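Chemist: The lines below spell out each chain.
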Amino acid sequence: MAGSNNIEAALAETLPLLPEERSWSFRDMLAVKGGLAIATWGFLAGGATGQLVGFADGMVALFFGTALGIGLLFFALLLPVYRTGTESFVFMRSAFGPSGTSLLAVVLVLGVVPFNSAILSGMVGDATREVLIGLEFLSPEPVWPVAQATALGVLALSCLLAARGSDTLRRFSLAVVPLLVLLSGGLLLAVFWQNGSQAVFSAAPPVSHFDRATRLMLATELNVVLALSWFGLAGNLMRYGRSARGAAWGTWIGLVPISLLPALAGLASSLVLGSPDPVQWMTPLVGPVIGLAMLLVLIFANLASLIGMLQGNVPTIVQNFGSLARALGFAGNVVMLGIAAALILLLASDTLYARFYTVVAFYGAVFAPTIGILLADWLVLRRGAVDIRALHHAAPGSVYGFIAGFNPAAMIALLAGFGAYLALLEPVSQTPAAGFRYLSATLPSIALAFAVHLVLSRILVIPRDLGGYRRGPGDRDAAMPEAPMI
Amino acid sequence: MTGPRPTGVEGELERRLKILARAEEPQRRLPFADTMAFAAITIGSFLAVLIAQVL
Numbered sequence: 000m001a002g003s004n005n006i007e008a009a010l011a012e013t014l015p016l017l018p019e020e021r022s023w024s025f026r027d028m029l030a031v032k033g034g035l036a037i038a039t040w041g042f043l044a045g046g047a048t049g050q051l052v053g054f055a056d057g058m059v060a061l062f063f064g065t066a067l068g069i070g071l072l073f074f075a076l077l078l079p080v081y082r083t084g085t086e087s088f089v090f091m092r093s094a095f096g097p098s099g100t101s102l103l104a105v106v107l108v109l110g111v112v113p114f115n116s117a118i119l120s121g122m123v124g125d126a127t128r129e130v131l132i133g134l135e136f137l138s139p140e141p142v143w144p145v146a147q148a149t150a151l152g153v154l155a156l157s158c159l160l161a162a163r164g165s166d167t168l169r170r171f172s173l174a175v176v177p178l179l180v181l182l183s184g185g186l187l188l189a190v191f192w193q194n195g196s197q198a199v200f201s202a203a204p205p206v207s208h209f210d211r212a213t214r215l216m217l218a219t220e221l222n223v224v225l226a227l228s229w230f231g232l233a234g235n236l237m238r239y240g241r242s243a244r245g246a247a248w249g250t251w252i253g254l255v256p257i258s259l260l261p262a263l264a265g266l267a268s269s270l271v272l273g274s275p276d277p278v279q280w281m282t283p284l285v286g287p288v289i290g291l292a293m294l295l296v297l298i299f300a301n302l303a304s305l306i307g308m309l310q311g312n313v314p315t316i317v318q319n320f321g322s323l324a325r326a327l328g329f330a331g332n333v334v335m336l337g338i339a340a341a342l343i344l345l346l347a348s349d350t351l352y353a354r355f356y357t358v359v360a361f362y363g364a365v366f367a368p369t370i371g372i373l374l375a376d377w378l379v380l381r382r383g384a385v386d387i388r389a390l391h392h393a394a395p396g397s398v399y400g401f402i403a404g405f406n407p408a409a410m411i412a413l414l415a416g417f418g419a420y421l422a423l424l425e426p427v428s429q430t431p432a433a434g435f436r437y438l439s440a441t442l443p444s445i446a447l448a449f450a451v452h453l454v455l456s457r458i459l460v461i462p463r464d465l466g467g468y469r470r471g472p473g474d475r476d477a478a479m480p481e482a483p484m485i
Numbered sequence: 000m001t002g003p004r005p006t007g008v009e010g011e012l013e014r015r016l017k018i019l020a021r022a023e024e025p026q027r028r029l030p031f032a033d034t035m036a037f038a039a040i041t042i043g044s045f046l047a048v049l050i051a052q053v054l
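Protein chains in written order, with numbering that gives the first Met the number 0: chain A, 0 to 485; chain B, 0 to 54.
No wet-lab data here; the hints were simulated from the structure.
On a predicted model such as this, the values are computed, not experimentally measured, just so you know.
Just so you know, not all the hints are guaranteed correct.
Covered stretches of chain A (chain B as the covering partner; in silico rule of three or more C-beta atoms under 8 Å from a C-beta of chain B) [what the hints assert, rightly or not]:
#1 14 to 22
#2 58 to 64
#3 294 to 307
#4 378 to 391
All residues carry an ideal CB built from backbone N, CA and C; glycine is no exception.
Taking the hints into account, I'd like the entire structure generated from these sequences.
Modeler: Now the structure itself:
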């Protein structure tokens, strides 16, 4: 790894990557993204989908919802971040300003990562307890909090591995992902084998007063939002790709088709077995020997995902939370995230799964307009060009400083899109409004934020010469001859 | 692990920006055919859901 002489290599990689650091092949990228996708959230996404629709509609919602979400994320964030080589939220400063971006990072990273880390490590703890009970090392009613202790231990191990940098993540993913694919595919086959395909396809979701079309769109919306929630993490890891084609397809295949393996298993098991959580039904379904082996692999699945999540999100914290975050270094920030996740695990573990869908729905109301604003800014207003040096010096008064660090056009568009989303889908009760059935909530929210950002930028921002929208490539060359232009 | 200093990050940023400005970077733009494929998959995914609703 090419680091510098005086800072740790992982910390240096939170800055724009050098050509020699962008070394991951298609296979590497596929392994890392596949390792991220095959974990608790894959099973839970399938299970949540199975609460809304049957298996056939569930497959439609899972595949096309995920593909739609990842596609939108590609054009708004992942492809620009790959081209610039910058950290995802640093790139977003060109649209939101540095303070606006940091505000979003608080919501989208600090609000998400500890929560997801707690879910993942909690499932590792549950799986480990099941393994020990299956081997008769523990009684069915263990006196000691084995699951919680194991979850904390795995959280600590994932922090240790994540702090070692991107190459550890790549090597770990290459080693475990083939096993994870076998696990997910094996679980899916086991559910079909034990219950029969007819039972799986004919199993009905819980009774709902919504019609089939609305339930299908609700399930699709869920998976669109889950796909969008990869957000900056997916971009930060995609930067390591050697070629654009390998990085893009490795990411897409890892986050769409491969992610469907655990999701389909969760969907099928929630419909016919009543639970998407494989820890609950794996051993009874396939017997103790295979079941215990699968549970062990599941532990590795969540560990791989945890490492990737920490490794991919810490650059955002380092680059967007001021000098204190930088002073902590890469490893220090990994530890801080681990502590936050541990606190959630200890204090809120009973409510985590129950509130998963509700929380994700609120995230959708933020992700969707953010995507719309980024699409308008990168594709239309900037036509695919930003100044990397200015992105890293985006103080108030500088090119991307806007007004007090906030781009007013983007912030108003964000609020408009947020309101539009909530008007179409009430996230707590999952009650859709008229129009949701055929439009979803994400797409209208994206469209409104896109339009508002374009209009307000042309009325409020560009005429005041804010945001560097009027700077052509020639201007940038003359002003800063050593500023790389993307 | 070397203890990072805030000034070290700034110095490293400057070093990287200079290298990137001089480096002959390979093409980081996704080929047009791939871009169109992703666009078609994305738009087609939403259309597929709408079609599935009426089937």
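Chemist: Indicate, hint by hint, whether the structure satisfies it.
Modeler: Hint check:
1. Residues of the segment 14 to 22 of chain A lying with their CB closer than 8 Å to a CB of chain B number 4, which satisfies the three-residue condition for coverage.
2. Here's how the segment 58 to 64 of chain A fares: 5 of its residues keep a CB closer than 8 Å to some CB of chain B, so the rule of at least three is met and the hint holds.
3. Check result for the segment 294 to 307 of chain A against chain B: violated, 0 residues qualifying (beta carbon to beta carbon below 8 Å, three or more required).
4. Here's how the segment 378 to 391 of chain A fares: 3 of its residues keep a CB closer than 8 Å to some CB of chain B, so the rule of at least three is met and the hint holds.
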